[in-house]
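Trainee: As given, the protein sequences belong to chains A and B, one line each in that order.
Residue numbers for the first sequence follow our numbering, so the first one is 12 and each next one is one higher.
Residue numbers for the second sequence follow our numbering, so the first one is 13 and each next one is one higher.
Hints may be right or wrong, so weigh each one.
As the list claims (entries may be wrong) - Cut-off 35 Å, straight-line C-alpha distance, at most; resulting in silico cross-link-like pairs (DSBU-like, lysine-lysine):
{"hint": "1", "chain 1": "B", "residue 1": "Lys-238", "chain 2": "A", "residue 2": "Lys-86"}
{"hint": "2", "chain 1": "B", "residue 1": "Lys-29", "chain 2": "A", "residue 2": "Lys-86"}
{"hint": "3", "chain 1": "B", "residue 1": "Lys-328", "chain 2": "A", "residue 2": "Lys-86"}
{"hint": "4", "chain 1": "B", "residue 1": "Lys-337", "chain 2": "A", "residue 2": "Lys-66"}
{"hint": "5", "chain 1": "B", "residue 1": "Lys-414", "chain 2": "A", "residue 2": "Lys-66"}
{"hint": "6", "chain 1": "B", "residue 1": "Lys-137", "chain 2": "A", "residue 2": "Lys-86"}
{"hint": "7", "chain 1": "B", "residue 1": "Lys-347", "chain 2": "A", "residue 2": "Lys-86"}
{"hint": "8", "chain 1": "B", "residue 1": "Lys-376", "chain 2": "A", "residue 2": "Lys-66"}
{"hint": "9", "chain 1": "B", "residue 1": "Lys-347", "chain 2": "A", "residue 2": "Lys-66"}
{"hint": "10", "chain 1": "B", "residue 1": "Lys-376", "chain 2": "A", "residue 2": "Lys-86"}
{"hint": "11", "chain 1": "A", "residue 1": "Lys-66", "chain 2": "B", "residue 2": "Lys-29"}
{"hint": "12", "chain 1": "B", "residue 1": "Lys-36", "chain 2": "A", "residue 2": "Lys-66"}
{"hint": "13", "chain 1": "B", "residue 1": "Lys-337", "chain 2": "A", "residue 2": "Lys-86"}
{"hint": "14", "chain 1": "B", "residue 1": "Lys-36", "chain 2": "A", "residue 2": "Lys-86"}
{"hint": "15", "chain 1": "B", "residue 1": "Lys-132", "chain 2": "A", "residue 2": "Lys-86"}
None of these hints come from the bench; they were simulated from the model.
What follows is each chain in one-letter form.
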Amino acid sequence: MIQQKYVSQIHRCFRCGYCKFPTDYSSFNCPPYRRFRFETYSTGGRLWLIYAWLKGEIEWSEHLAEILYTCTTCKNCAEQCPMKFAPDMKRAGYLHGWPAFLKLSMDMAIL
Amino acid sequence: MVTTNAIYESLVKIVGKNYVSNQKEEQYFYARDGGLMPPLEPDYVVLPKTTEEVKEIVKLANREKVPVVPTGAGLALTGLVIPQKGGILLDMKRMDRILELNEKARYVIVEGGTTHGALKSYLQKHHPDLRHSIPDSPPAATVVANVVIHGQGRLSQQHGFNSDMVSGLEVVLPTGEVCLIGSCSVSSFWFSKGAPLPDLSGLFLGWFGTTGIITKLGLKLYPCKKMRDVMLFLTDRVELVPDIMLKLSHTEMVEDVTISAQPLPLRYKGTFWIMAYITGDSEEELEFKRKMVWGALWGYFESRDLGPLSVSPDMKAPLMSMPSKDITRFADVAKGGGFQYAGPITPIEKFPAFIQKLEEVAQKYNVFYASTTRLIGSGHCMMFSFSFSFNRANPDEMARAKEALDECSKFALEEGGVLWKDPNTLNLMKKIKQLLDPSGIMNPGNWEAK
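Could you build the full structure based on these sequences and the hints that come with them?
Mentor: Printed below as a string of structure tokens:
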């Protein structure tokens, strides 16, 4: 079950926050985080919210959609994340065809 | 008592509607940290930008008896910023300006949400001959949050806890007054948090944000030498580690001393990796310091109880990086994004007993572990971390990690250590807390003197 493949990885985000920074840490450069400044708009926020949604802890909502779809797909987080799981999740999303909105959300959250 | 909607409207009036949320998504996220404590949701998440806004929020909270929990990056990992009784969670990171730097008096003034990453970057770019004691936490950790938990960093061997390096405070008290603490209260300079006045910073440093909200902070800066190097030594004789630490400290040549112990990869098991960092403005200075360090440890080299390890460039890069991403990677050892540690402050002579306990407990509860120890203040004490990594998707593993952590914390107290994040019960603390926070609005239920 492809959902299980995602679920088994998505909770591995430690929300350390490296994803929000450029390499020299001079400022926050994740575009939606920089714009909205709630942690939910950072990559860590998206991953934790998607995980919560997959587990049924939160409902799909307009606000959740707004949070997920404000990602600009700049890929800064993929460059900065200290973990090694991001490419796996990206590949899984492309190869196995999630429902479109979730696939897009995942790609946005990770990339 | 006004209605919750009226409180929301009041908060909007103070900071603007873009910076207040009472929506489920923000409540869900800010109810949690990366550690083991159960989630509890705030009613509102608020992002203030100015001291005046913080002041107005606190006045509102004090008037309506609504809890207020200030947070930085939420990286303390022990539930310190999980709102135990709901209320207003203040994410301070919009207050992120570096306000002033005095090169001659070597201090910087930052706002209450400035990150260590941003300060490091600023110093490297604008004042490359100055540095601050950067902690091992990720760059998102804020300078203020680190000192209110008596954190330590890369200069702690020489200069003590990071909170010892504070040179002044601006604090919003739980009743809404704004206080300046230290030389800045009577002068335009922020060079001292106390002397020659009574040191009132002790009312806020080490109180984990339960006695006031620090909106500005003066921080001492130190010379940043042009060159830096690390020397790595290996021993399997745990009983010798305290003496090795003392010998290194006695040279007064090392900037930072840390000791790592971990069971994986297997070649690491049973060995202790001692890292001594040195700095210099020339290769001659570095070489002199290397000789001093080698001279101090020579007896152990001869007895073959300690060996120097050649450090390849690949190995050296993560050791030299500040902060190091390896700390975050440890959180993924269990492939599950969970990490919590107890970091008791304790005499260095306790190192062998603490290591023995860590290994026992890890085996007993079948959990992933690691330990990093940092020498603090020329050997006056050390921070010893009992660190456990766990899978957040595995409740059983989380329960075992929690039990392991609790057992280690209890042991540390019995051994005379002082837990970094322990709900100590001193009557004096209770009186001070009541005096400063008569309405009991500051992070109630969390780290209270009972």
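Trainee: Need the status of pair Lys-347 of chain B, Lys-66 of chain A: alpha-carbon distance at most 35 Å?
Mentor: Holds, at about 18 Å.
Trainee: Taking 35 Å as the top limit, are the C-alpha atoms of Lys-337 of chain B and Lys-66 of chain A close enough?
Mentor: holds, 29 Å
Trainee: Does Lys-86 of chain A lie within 35 Å of Lys-328 of chain B when you go C-alpha to C-alpha?
Mentor: holds, 28 Å
Trainee: Holds or violated: Lys-29 of chain B with Lys-86 of chain A, Cα cutoff 35 Å?
Mentor: holds, 29 Å
Trainee: Against the 35 Å threshold, does the CA-CA distance of Lys-337 of chain B and Lys-86 of chain A hold or violate the hint?
Mentor: holds, 18 Å
Trainee: Between Lys-347 of chain B and Lys-86 of chain A, is the straight-line Cα distance small enough, at 35 Å or below?
Mentor: Between Lys-347 of chain B and Lys-86 of chain A the Cα gap is close to 23 Å, so the pair holds against 35 Å.
Trainee: Within 35 Å, alpha carbon to alpha carbon, are Lys-376 of chain B and Lys-86 of chain A?
Mentor: violated, 42 Å
Trainee: Is the Cα-Cα distance between Lys-414 of chain B and Lys-66 of chain A 35 Å or less?
Mentor: holds, 22 Å
Trainee: Next pair to validate is Lys-238 of chain B with Lys-86 of chain A; report whether the Cα-Cα distance is within 35 Å.
Mentor: Roughly 34 Å separates the two Cα atoms, so the pair holds.
Trainee: Check whether the Cα positions of Lys-132 of chain B and Lys-86 of chain A lie no farther apart than 35 Å.
Mentor: holds, 24 Å
Trainee: Has the given pair, Lys-66 of chain A with Lys-29 of chain B, been kept, meaning a C-alpha gap of at most 35 Å?
Mentor: At roughly 30 Å apart (the allowed maximum being 35 Å), Lys-29 of chain B and Lys-66 of chain A satisfy the hint.
Trainee: Can you confirm whether the C-alpha distance between Lys-137 of chain B and Lys-86 of chain A stays at or below 35 Å?
Mentor: Status holds; Cα separation ~25 Å.
Of the numbered hints listed earlier, the single one contradicted by the structure is hint 10.
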